[in-house]
Amino acid sequence: MNERVLEKLSILADAAKYDVSCSSSGSNRKNENGGLGNAEGMGICHAYTEDGRCVSLLKILLTNHCVYDCAYCVSRKSNDIKRAAFTVQEVVDLTINFYRRNYIEGLFLSSGIFSDPDFTMERLVRIAKKLRTEENFNGYIHLKAIPGASDDLIREAGSYADRLSVNLEVPTEQSLQLLAPDKSRKEMVQPMKVLQNGIKANRDERKVLQAAPLFAPAGQSTQIVIGATPESDWQILKLSDGLYKKMELKRVFYSGYVPISNDNRLPALGTPVPMVRENRLYQADWLLRFYDFDVDELISPEDPFLDMQIDPKLNWALRHLDQFPVDINKADLNVIKRIPGIGVKTAEKIWKARRFGKLNWEHLKKFNIAANRAKYFINMRVDDFQRKDYTPQQIRNFILQTSHSKYAPNHSPQLQLF
Amino acid sequence: MQTVLYDGSWDGFLCAVFDVYEYKFTDAQIVPEHRFNGNLFATVHHARMEQVHSQRVWKGLERILSVEATTALYRAFLSEEAESEGHLLAYIRYAFASGGNMEDDLGHASVLYVVQTARRVWREKHRMEAFVRFQETADGMYCAFIEPDHDVLPIISPHFEARYADQRWMIYDTRRKYGIYYDGSTVAEVDISFEDKIDEHNIAPAHAPNEAAYQALWQQYFKSVNIAARKNTKLHVQHMPRRYWKNLPEKQPSVSPAFTKKK
Chain E
0 MNERVLEKLS
10 ILADAAKYDV
20 SCSSSGSNRK
30 NENGGLGNAE
40 GMGICHAYTE
50 DGRCVSLLKI
60 LLTNHCVYDC
70 AYCVSRKSND
80 IKRAAFTVQE
90 VVDLTINFYR
100 RNYIEGLFLS
110 SGIFSDPDFT
120 MERLVRIAKK
130 LRTEENFNGY
140 IHLKAIPGAS
150 DDLIREAGSY
160 ADRLSVNLEV
170 PTEQSLQLLA
180 PDKSRKEMVQ
190 PMKVLQNGIK
200 ANRDERKVLQ
210 AAPLFAPAGQ
220 STQIVIGATP
230 ESDWQILKLS
240 DGLYKKMELK
250 RVFYSGYVPI
260 SNDNRLPALG
270 TPVPMVRENR
280 LYQADWLLRF
290 YDFDVDELIS
300 PEDPFLDMQI
310 DPKLNWALRH
320 LDQFPVDINK
330 ADLNVIKRIP
340 GIGVKTAEKI
350 WKARRFGKLN
360 WEHLKKFNIA
370 ANRAKYFINM
380 RVDDFQRKDY
390 TPQQIRNFIL
400 QTSHSKYAPN
410 HSPQLQLF
Chain C
0 MQTVLYDGSW
10 DGFLCAVFDV
20 YEYKFTDAQI
30 VPEHRFNGNL
40 FATVHHARME
50 QVHSQRVWKG
60 LERILSVEAT
70 TALYRAFLSE
80 EAESEGHLLA
90 YIRYAFASGG
100 NMEDDLGHAS
110 VLYVVQTARR
120 VWREKHRMEA
130 FVRFQETADG
140 MYCAFIEPDH
150 DVLPIISPHF
160 EARYADQRWM
170 IYDTRRKYGI
180 YYDGSTVAEV
190 DISFEDKIDE
200 HNIAPAHAPN
210 EAAYQALWQQ
220 YFKSVNIAAR
230 KNTKLHVQHM
240 PRRYWKNLPE
250 KQPSVSPAFT
260 KKK
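Which chain is which? The protein sequence lines are E and C, in order.
For what it's worth, numbering that gives the first Met the number 0 labels the leading residue of the first sequence as 0, then goes sequentially.
For what it's worth, numbering that gives the first Met the number 0 labels the leading residue of the second sequence as 0, then goes sequentially.
For the record, the hints were derived by calculation from the structure and aren't laboratory data.
Cβ coordinates follow ideal geometry from the N, Cα and C atoms, glycine included.
Take these hints with a grain of salt, some might be off.
Between beta-carbon pairs, the in silico distance windows are [stated by the list, open to error]: (1) E:K81 <-> C:N209: 19 to 27 Å; (2) C:S156 <-> E:R202: 49 to 57 Å; (3) C:E146 <-> E:D203: 28 to 36 Å; (4) C:A205 <-> E:K199: 46 to 54 Å.
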C-alpha cells in the first residue's frame with residue numbers, strides 16, 4: 000500500500016459517493032467454506048458520514064475515466080478532473096483488508112466506461128470472481144450492471160454478486176435524450192430484464208435443489224436523480240411502482256441532485272440539494288412497500304407534487320377525514336397502520352397488546368407513537384385534548400405549529416425549477 | 000421487604016428467582032451484591048448457587064414462553080439497569096402464574112419494560128457489530144476494544160465467530176474488563192487485565208506492518224464519501240454518538256497527510 004493507492008482511493012471514492020445506495024441487507028450468503036465473511040439477514044452500517052448517511056460498503060469506482068458525457072455525472076468526459084484507475088488486485092486488497100478490520104460489509108463496485116461496456120463489465124466481474132474463488136470471500140458484493148454489456152457477462156456477474164443495479168438516473172426517456180445523448184432507456188432496461196429472469200430462474204431452481212449456487216440473492220436496485228430534471232413526483236412514483244411490480248426490484252433509491260456543473264441544462268451550482276423532496280419520496284416509497292398504499296392514493300396527475308410541509312401519510316389522512324377517527328381497540332391492523340404518527344411496528348404492538356385488555360392513551364404514549372399527529376385520528380380520550388370536528392386545514396395548522404422540520408432552516412423546501 | 004442477593008451473573012439471577020419461590024418470599028427484591036448498599040430495614044438472603052436451580056427456572060420458562068420471549072428476558076438482564084431485576088422478577092411471576100400466553104400483554108408494565116429494554120440491548124448489540132474496529136497485530140491477531148452501554152459481549156460473539164472464521168481475533172470490553180477470544184476454532188472468555196501491560200487506546204507498538212496504512216486508507220475513505228453539500232451533523236451524531244468515537248479510527252486525528260480534492 001502506498002501513497003498512490005491513497006490518492007486513487009480519494010478520487011474514486013469521491014466519484015462514487017453520488018450513488019446513494021449503501022444497503023447490504025437481503026442476501027443469504029453463509030460462511031460455509033470456513034472462509035472470510037458472510038452476508039446474511041440485515042445489513043450493518045459500520046459508520047455514518049458527516050452528512051448522516053450510512054457507510055456499509057466500500058463504495059468505489061474502478062475508474063473515473065469515461066467515454067460518455069452525461070451532463071449530471073461528475074465523471075463525464077468533458078469535465079476537467081483528475082482521473083485514476085484501480086488495478087484488479089488493489090480493489091481485492093482494499094476489500095479484504097477493510098473487511099477483516101470490520102470496517103465494511105463488503106464491496107460496492109461501479110465504474111466509468113473505458114473503451115466499451117463489455118471491457119468494463121468484464122473487469123468488474125473479474126474482481127468479484129477473484130474475491131469469491133481465490134479469497135474465499137463471502138461478504139456482500141454489489142456490482143453495477145453496465146448497460147450495453149453482453150447478457151452473458153451480466154449473468155456471470157449475477158453468479159458472484161449479491162446485488163446488481165442499473166441506475167436509470169433520470170426518470171424519462173425525454174430527459175435522458177437531453178442530458179445523456181449517448182445512452183438509451185432501452186439499453187438500460189436490457190440488463191435489468193436479464194437479471195430479473197436470472198433471479199426468477201434461480202429462485203425456482205433453489206426450491207428444488209437447495210444447494211444450487213446463488214444468483215444475485217439480494218436482487219437488483221436502481222437510482223433516480225431528483226431535481227435535475229423537471230419530472231413530477233407523480234411521474235417518479237409511477238415509475239417506481241412499475242419497477243417494483245413489473246421488474247421486481249428490491250429498492251428504488253432517490254438521490255437529490257447535488258449541483259456539480261455549470262451546464263445550463265441543469266440547476267446552477269449552489270442550488271440547494273432538494274433534501275426534503277427526497278425525504279418525502281422515500282416516505283411515499285415506504286407507504287407503497289410496507290403500508291399497502293396504492294400509488295394512486297398518494298398522488299395524482301392533477302396534483303403531481305408531494306406536500307413538502309407534511310408527510311404523505313398525514314396528507315392522505317387529511318384528505319380522508321371521513322375514515323377517522325379510528326378505534327384502535329377494534330380496527331383492523333391495516334387500518335391502524337394508516338393512522339398518522341403510528342408506524343408498522345407500533346401498529347403491530349397495538350394489535351397484539353389489545354387482546355389482553357383495552358388500551359388507553361397512556362399505553363399508546365409508552366409505545367412511542369407520534370402523539371402530536373396521532374391524537375387527531377384516534378377515537379379515545381387524550382389527556383386534555385378537546386375533540387371537535389376540525390377541518391383538514393385546522394388540523395394541518397395545529398400539527399405544523401407543534402412540530403419543527405429537521406431540515407429547516409438549513410435547506411430550502413424545494414428546488415424551484417422553472 | 001426481603002432482599003435476595005446474587006453474584007451478578009445470569010445463572011445467579013435465576014438461582015435467586017428459584018429461592019424466591021422456594022422460600023415463598025412474597026415481597027422480594029433481587030439485587031446483585033456489587034450494587035447492594037446495606038439497606039437497614041432489609042432482611043437479606045444470599046441466593047444459593049446451584050446449577051440445578053437455575054436450570055429448573057430456565058427450563059420452566061422455556062416450556063411456557065416463546066424463544067423470542069426467553070431471549071428478551073436474557074437481553075433485558077444484560078442491560079445491567081438497576082430496575083431490571085425487579086421487572087424481570089415481576090415478568091417471571093406473571094408468566095408462571097398465567098402459564099405463559101402473556102408475552103404480548105404490553106399493557107403490563109413489566110412486560111413492556113422487558114420488551115423495550117431487550118430492544119435497547121439488541122440495538123447496542125447491533126451497534127457493536129458495526130463499531131468494532133479490529134487492529135492487526137504483528138503476530139496476525141485482530142484486536143478490538145469496545146465500551147458498550149450494556150454487557151453485550153456474550154450476544155455479539157456468534158456474529159463474529161461466523162463472520163471471521165479464518166482469522167484469530169479478540170474483542171475486549173474495557174469497562175467490564177473482560178474479552179472474548181477466538182483462536183481459529185472456538186470462542187472463549189478471557190479475563191486478562193491490560194492496565195499495566197498495554198494502553199488499550201494505543202496498541203500501535205504491537206501493530207502489524209500494514210496496520211497504520213489501512214487505518215490511513217480508511218480515514219481517507221471516510222472523508223471522501225462525505226458530501227459536504229448535505230452536511231447534517233445532528234444526524235451524524237445521532238447515528239454515531241460521541242461516546243463511541245474513541246474506539247473508531249475514522250473519528251481520530253489523521254494518521255497520514257490527507258489528500259485534498261485537487262483539480
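Results for each hint:
In this structure, K81 (chain E) and N209 (chain C) meet the distance hint of 19 to 27 Å, their C-beta atoms being roughly 26 Å apart. Checked against the given bound of 49 to 57 Å, the beta carbons of S156 (chain C) and R202 (chain E), roughly 33 Å apart, lie outside it. For E146 (chain C) paired with D203 (chain E), a C-beta distance near 48 Å fails the hint of 28 to 36 Å. Separation of A205 (chain C) from K199 (chain E) is about 51 Å and conforms to the stated range, judged on CB atoms against 46 to 54 Å.
When the structure is compared with the earlier hints, violations turn up for hints 2 and 3 and for no others.
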